[in-house]
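In the order they appear, the protein sequences are chains A, B and C. Residue numbers are given in my numbering: position 64 of the first sequence equals residue 64, and the series is strictly consecutive. Residue numbers are given in my numbering: position 23 of the second sequence equals residue 1023, and the series is strictly consecutive. Residue numbers are given in my numbering: position 45 of the third sequence equals residue 2045, and the series is strictly consecutive.
Misleading hints may appear alongside valid ones.
Said to hold, decoys possible - Taking lysine to any residue and the SDA-like style, the derived pairs with C-alpha atoms no more than 25 Å apart in a straight line are: (1) B:Lys1080 <-> C:Lys2112; (2) B:Lys1080 <-> C:Gly2011; (3) C:Lys2112 <-> A:Glu138; (4) C:Lys2013 <-> B:Lys1118.
To be verified - Partner residues aside, some chain B positions facing chain C, computed with beta carbon under 8 Å: (5) Leu1009; (6) Leu1011; (7) Ala1013; (8) Ile1015; (9) Gly1022; (10) Gly1068; (11) Leu1078; (12) Ile1081; (13) Leu1106; (14) Ile1108; (15) Ala1113; (16) Phe1124.
Stated by the list, open to error - The calculated label-pair distances, taken between Cβ atoms and stated as ranges, are: (17) B:Ile1087 <-> A:Val270: 27 to 35 Å; (18) C:Leu2036 <-> B:Lys1005: 33 to 41 Å; (19) C:Tyr2026 <-> B:Thr1085: 35 to 43 Å.
Note that these hints are calculated values from the structure, not bench results. Beta carbons are placed, not taken as given, at the ideal position from N, Cα and C, and that holds for glycine.
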Amino acid sequence: MENIQFIIRRFSPEKDEKPYWQVYNIPFEEGKTVLDCLHYIKREIDSTLSFRFSCRMGVCGSCAMLIQGRARLACNTQVVELKSKRITIAPLPNFETIRDLVPDLKPMFERHKYIKPNIQRDDLKEIEDLEKEFYQSEEELQEYLQFSYCIRCGACMAACPTMATDRKYLGPMPLAQSYRYNNDTRDGGSKIRHNLVDIPSGIFSCHMGSECSVVCPKGVDPAKAIQLMKREMVFSFLKLLKKKKPCGLYEEKKERKRREGIPEPPPKTV
Amino acid sequence: MKDTKLWTLHLFAGIAVLFLLGLHMAIMHLDEIISLFNPKGEEAISWENVLERMKMIGFVFVYIFLLGFALYHGLYGLNKIIGETNIKEGTRKFWAYFFAIFGFLLFIIGTYAAIAAKIVSVKF
Amino acid sequence: MSDKYYDNHLGVKGWAVGGRYSIERYLYTLHRITGLGILFYFILHIFVTSTRIFGPESWMKAMDSVSGPLFRLGEFLVYFAFCFHGLNGIRLILLELGFLVGKPIEPVYPYKTSIGKQRPIMIILMLISAFFIILGGYDFFLGGE
C-alpha cells in the first residue's frame, strides 16, 4: 500500500508561540476522505492532534479547514480528488486559531446574530400566537432557498480578502444570510437589515473577490446574495424599488370543492 | 444610508471617468493611430496641440468633470482600502476627513488650472 | 483551556496570496493595485499639466522633466492600468448591481455559481482590455517620434 504525506500546521497555546508544520506519513486507500486520514493520524500516530468534526457528511459544517490552499470541508474532500501525495492542511485563515486545526468561529456567529437572522414582523401576534401558516408560493421560496442551505462552516469567511485585514467586516456568510431573510416574503425587516449592513465595514466592503462562492461546500453562492443585496440597497436609495409588505396568513378558499372519489386529507396538526 | 449614497456615487463617478478618461487616453496615447483633437500634428503633448485644446471651451468642462469624478472615485477607493486595514475607528475617521479635504483642495487647484488655461490661451 | 489564541488573519498579504484562488480573486488584487497606481499618477499629473497656464516654456520644461525612458514606461503602465481597471470596472459594476449574477437557483451538485455565469463576460472584457493595451503599446513604443 502506498503512503501519502500529510503536512499539518500545529499550534498548542500552552507551549507554542507560533504555529509549526508537522509531517505525517500514512497509508493511502482509495475512498478515504481527509477527515478519515486525520482520524487515522489521531488514532495511530499522534493523539495530540486536534481538529473539530461532528457529522462526517457535510451537514454540520464543523470540519472546514484549509486543505491544499483552499477552504474545504475535510469530510467532504476525497484524498484522491486532491491529485497529490503531499497534502497540506492548516486551520481556516481569518479566524483566530484555538489549537492545531480548530478555529475560533465565535466572531462569525456574533456577526450572524447581529444581522437579525430570523423573521422580523411588526404583527407580533401572528408570530407568537400563530393560528395558521404564512402563505408563501413555490416561486417565492426559490427566491431565498439557495441561501438557506448555509451550514455556517466559515469557508467563505476564510477565502474573503476583506476578512484578511478588516476585523470589523461582517463577512460573506452574515451578509448572505441578511439577504436570505430580506428576500423571504414572510419577513418585514429589510429596512432594519439595510441599516445594519450599511456601515463602514458593512456590505460595501465586499469588492467581489468572488472566492466565497467558489469555496462554498453547499453551493450557497454568498457572492450572488451580497451583490443582489447591494442592488436592492442602491435601487431602494434611488427610489427604483417597490416597497414590499410581508405576506399574510394562508387563507383557504371557501368555494373550493373536493372532486368526487378523492379521499379526505388527514386532520390538520397546526 | 450613508455608505449606500457614497458607494452609489462611487459607481456613477467610475462610469463617468471611464468615458472622460477614455477620451483623454485616446487623445494622448492613441495620437499616432487615430489623432483625435490633435490638429497640429501627431504629437499630442506638443505645445501647439495643447494650445489648440486649451482654446476649446468643451475641454474646460471635460477636464473639470474628469477631475471631480476621478478624484472622488479614486479617493473614495483609497479611503475604503485604508479603512479595511484594521485601523481604529478614530484613525478611520481621520483618514476619511483628510481625503475629503485633500480631494477638495486638488479639485480647486485643477479647476483653477483648467479655467486659467482657457483665459490665458488667447495670449499665446 | 488557554485563551492565548493564535491570530490567523492573513493581513494585507491575504489580498493576493494565502490560498489557491480562482482568476477573479487575482483580478480583484490587480484592480486594487491598478487603481492605486492611477490615483498616484493622477495627483502628480494635476500639478504637472497645470504648468501649461504659464506658457510654452514652462510646458516644455515640465514635459522634458518627465520624458525619460523610465517615465515613458511609467506612463505606459498607467495606460495599461487604465485599460484594465476600466474594463474590469465595467464587469464589477454590472456584477455589483446584480446584473450578471443570475437568479437564486436550487444548488445541485456539481454546484453552478454566479462566478461561472459572469466568466464569459470577464473573458471578453479582458480580451478587449488586452487589445487596447497592445494598441497603446504600439503607439508608445513602436510609433514614430
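**Q.** chain C contact restraint on B:Ala1113 - CB to CB distance below 8 Å
**A.** holds, 4 Å
(Q) Does B:Gly1068 hold up as a contact with chain C if the rule is Cβ-Cβ below 8 Å? (A) Given a least distance of 12 Å, the restraint on B:Gly1068 is violated.
Q: Answer holds if the nearest beta-carbon of chain C is closer than 8 Å to that of B:Ala1013; otherwise answer violated.
A: Hint violated; B:Ala1013 Cβ to chain C Cβ min 11 Å, cut 8 Å.
Q.
What's the verdict on C:Lys2112 and A:Glu138, does the C-alpha distance respect the 25 Å limit or exceed it?
A. It holds: about 21 Å lies between the C-alpha atoms, which stays within 25 Å.
Q | Hint consistency between B:Lys1080 and C:Gly2011 [alpha-carbon to alpha-carbon, up to 25 Å] | A | holds, 15 Å
Q: Let me know if the C-beta of B:Ile1081 comes in closer than 8 Å to any C-beta of chain C, holds or violated.
A: holds, 7 Å
Q.
Less than 8 Å between beta-carbons is the criterion; does B:Leu1106 satisfy it with respect to chain C?
A. Holds, about 6 Å.
Q: Would you check whether B:Leu1078 satisfies its interface hint, that is, whether its CB is within less than 8 Å of any CB in chain C?
A: holds, 6 Å
(Q) Taking the Cβ atom of B:Ile1087 and the Cβ atom of A:Val270, is their distance within the range 27 to 35 Å? (A) violated, 51 Å
Q) Lying within 33 to 41 Å: is that true of the beta-carbon distance C:Leu2036 to B:Lys1005? A) violated, 24 Å
**Q.** B:Ile1108 as chain C interface residue, shortest Cβ-Cβ below 8 Å
**A.** With Cβ-Cβ at 11 Å, over 8 Å, it is violated.
Q.
Can you verify the interface hint for B:Leu1011: is its Cβ closer than 8 Å to any Cβ in chain C?
A. holds, 6 Å
Going down the numbered hints, you'll see the structure goes against 1, 4, 5, 7, 10, 14, 17, 18 and 19, while the others check out.
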